[in-house]
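Trainee: Heads up: the sequence lines are chains A and B, in that order. The UniProt record's numbering applies: residue 1 is where the first sequence begins, and numbers increase by one. The UniProt record's numbering applies: residue 1 is where the second sequence begins, and numbers increase by one.
Source of the hints: derived by calculation from the structure; they are not laboratory data. Note that the coordinates shown come from a computational prediction; the quantities given were computed from them, not determined experimentally. Ideal placement from N, C-alpha and C gives every residue a C-beta, glycine not left out. Take every hint as true, because none was put in to throw you off.
Among chain B residues calculated to face chain A with C-beta under 8 angstroms, some are: (1) 43; (2) 127; (3) 131; (4) 618; (5) 620; (6) 621; (7) 659; (8) 663; (9) 667; (10) 670; (11) 677; (12) 678; (13) 682; (14) 683; (15) 685; (16) 745.
Covered stretches of chain A (chain B as the covering partner; in silico rule of three or more C-beta atoms under 8 angstroms from a C-beta of chain B): (17) 115-126; (18) 310-323.
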Amino acid sequence: MNQFQYVRVTNPKAAIAAITKDNTTMFLAGGTNLIDLMKRGVTAPEKLVDITRIPLNTIEKTATGLRIGALAKNTAVAEHELVMKNFPLLSMALNAGASPQLRNMATVGGNMMQRTRCSYFYDTAMPCNKREPGTGCGAIGGYNRMHAILGASNKCIAVHPSDMCIALVALDATVNVAGPKGERSIPFGEFHRLPGDTPQKDNTLQPGELIMSVDLPMNGFAGNSHYLKVRDRASYAFALISVGAALKMSGNTIQDVRLAMGGVAHKPWRLTEAEKFLKGKPATEATFKQAAQIAMKSAKGYGENDFKLTMAPNSIVEALKTATKTA
Amino acid sequence: MTKDTKNPPIDRVDGRMKVTGGAKYFAEFEMPNTAYCVIVGSEIAKGTIASLDTKKAAGAPGVLGVFTHQNVPPIPGWDAPVQGNGNGPPPGPPSGGEKYRILHMNKILFYGQPIAMVVADTFERATYAASLVKATYNKQAHQTDLEKNLEKGVTPKGPRFADYSRGNADAYKSAPVTLEANYTIPIEVHHPMELHGVLAGWTGDDQVMVYAKTQGVKGTQKAVAEAFKIDQKNVHVHTEFMGGGFGMGLRTWPQEIAVVAIARKIGRPVKLMITRNQMFSLVGYRPKAVQTINMGADANGKLVGLSHDATAETATYEDFTEGTVSMTKFMYDCPNVSTKYKIVPLDRGVPIWMRGPGEATGAFALESAMDEMAHKLKLDPIEFRLRNYTETDPEHNRPYSDKNLKEAYQKGADAIGWKERKAEPGSNRDGDWLIGYGMSSGTFNASKGGAIARAVLNADGTLLLQCSVTDIGPGTGTAMTMIAHNVLGVPVEKIKVEYGDSALPNSPQQGGSTITSTVGSAIHQVCTSVKKALTDMATQAGTPLAGLKPGDLTVADGFVSVDADSSKKVAIGDLLKKANLTTLDKTEESKGSEKPDQQKYSMYSFSVHFVQVRVNPATGVVRVSKAVSVADSGRIISPKTAASQMIGGVAGGIGMALTEEAVIDHRFGRFVNNNLADYHVSVSADVPHTETIVIDKPDPYINPMGAKGMGEIALIGFAAAVANAVFNATGQRIRDLPITPDKLLRTA
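Chain A on its own, in the form it takes in the complex (with noise of 0.2 angstroms):
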């Protein structure tokens, strides 16, 4: 690790005033994924703004929905009655990621903010585009068994590692930044980003932009929701496939659906495709079924991770099945 200053701000025009033009500053949070990316030498940033005295923790109701705070720790979104009440499929997907003592230090914003587990982009002495561009993808052809089955390029293959974007991803949920020219609203599903010939960029945030808080519009998928995550171990492993699953129901047919894919592509993976499919359709194991196979339209295994052609769409259906109650 490097040696580097460490200063405190308690507001967000100060944060962002502290953060130069390069890309020597960095915003501290959690610090759950940061800490570890200097301590592996991946990050060497020369100043470290920490914005957790800043107030942006709150979680409320608003005109729409529920606006939760980009500092709101991970386990206090998990366990806040409002979401929990409304939105279960967040708390489900937050409460599948990381440990307790993680989720307790972790926030909203940082989580947006985690880097790939790749191993490659963590060891500096291996080839790694997203870390040093250029270099090379070392996933590709070598240990791929967590890589993406879809949106890669052949410049980067990694995965997004969160639970809790996937459920955000599927609700619709909007984030709030502000930055050195104001205020912006991004839509979830245009904050992270596939990798392209960039893949060092994970979102598209500008310098100098702060995540403020997320927006969650109201709807109606309480009473069916399901976030299923399938692992190497019952707890504290990302991602091999997880599917976030919201549905809308009338009788036994769905009047609209929200579903969206963990570890397969570089940002959280919606399937607007086999939403479109699903909405108006019964719910058997027969329709899962053909919409999980208009989601994998597009899939492209690497090898090691071949499996996942066939456990993705396993878990939609599986998810669809237990979201729906459907035997």
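Put chain B on the given structure of chain A with help from the hints.
Mentor: Just chain B now, kept in the frame of chain A:
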């Protein structure tokens, strides 16, 4: 005399200390003016260091020294070859390849090999300075993939590893029912919670204090003494507690010796604690192994022939060997058996025994194959084992000293609910989940080594026991207490045990499930000697028991009394006073297998494991939903810590079966999942309620307590029970550990 009653479940004697922070682990010790050492590891697996830039590191704040092959402080004893396995520098490979001497050469023999050791006044400054060391290399093509180098396998020296056969080795080929199957296990890393390291400080020109993480303080003492050519008495090694060892502390690693050398050079104590990442490359691992079982049986389910070939990996610079094929030689009644064991030198750090060692590797193959054959024969797996049960050891043609495996099968089957098992794989379903039951057996050599123990009985009735043995966690101190209590009747709360220090009487290292038998015998002997002294004193003139035979007397609760008439007694305090003594202080040496009986019998501990698994066929997820382990390991000295050890075996076994695998990217020769987020040890949520059952019958021959070890058998065979249960649940046979969801989906 063997105690003929079961022991009560007493609490772990150091339990309170452990949970309140009173137990001190090596890194918690402090010596004045301590400096901190951080290791820089090689980034390649094979080649030479072309350049090494240490200037920036040397100039970083607080740095006291940067030690490389260009300026390593002298380690005089390493100039000559050191004999013996496990301590100090290795004697060198039989093939005459390169010896590994830490920081003594610019050759790189494995990824992670220390190329620099950076010492600074704080750990943080040493860590930072280490990041400034820059090396360039002349790379050479490396070989790190066992499966691509199987043809390089060599049979290790020594009778234990020679090709074995009895009867007609090819008999399996012409049997009515045959099975040929290949099994592989990956590299597993011990990963105890406590990281490895050492704290060493020179307290005189030729005197050094070493706080180590070792499973044997005497071994480390010897290694340091030999490395620096000083008297063993001048090397003081302390390891009272260990935050888990699992085998990794069974030798003194080269970096420990280097730290002692650096401490001498800079004139300050030096503390090293390696990183979790370095735990993958610097302190050994369970080697990957590829095994083939050939089995033939007749239509009645009687084994006709059995052959077991195993090939495992080792380093180019040192042979590592273990008993991978041992169990196959004696476990079942089969007239025609052959085994072969080979090792392949690779450009890797050297392995070390990991719990259950090679027997755990071998049992996965043998016990999976037994299940496969039982299925072919349409026999219940227990019935198949019973049809091939043997009361005599077919390898050595002699009886077992003690074997109650039939009873263990029965008790385990009852506890798991074996009758719920459906013989037809894939036919037991609970909603979306498939249910399966599996079982397996395990066995490990039981023995008794030599050890010395001291007992000091005080006038106030308290007893002090001393032995240098390290307690790596199984409850050695508790077992010592119980044995002393049984001989001398001193209440357990009045017994104090001191261990884990080289100044105490000699004990072998804690490993191979031998310590309860070995140190326990020494404790038994020294307490018996104290008892004899007491009864001799009690029967002398002027006491209430004068003239009685010492053999008719009992010692308990601070008194010597007559067996038949407990009103006739004399207080121990009075006896000592009368003899003008403040204490009774005895030291006794217990020799290894000295009784002729011990050559007449084969001595083993046995175990049986049963599991119920749930498998989701859509996602490939396997969860162990119930586990039962049965130990047949003689008299149980400490029932609570024994049960705890068995539960630990189940947790480790679930890791071995389902999650643990250290992955190397062979293009680079480097581990890619080198952290505890990606290397999956089982977590609490993976481990179901575990029922532990002990047969608890004394072995009449092994030692005075009738006790045998159980650390290894708690793990040996467990992974096969899981694999067998997965087959029963799904009809899918996974022969390649760990059984991760991708493998079930791949073969579906």
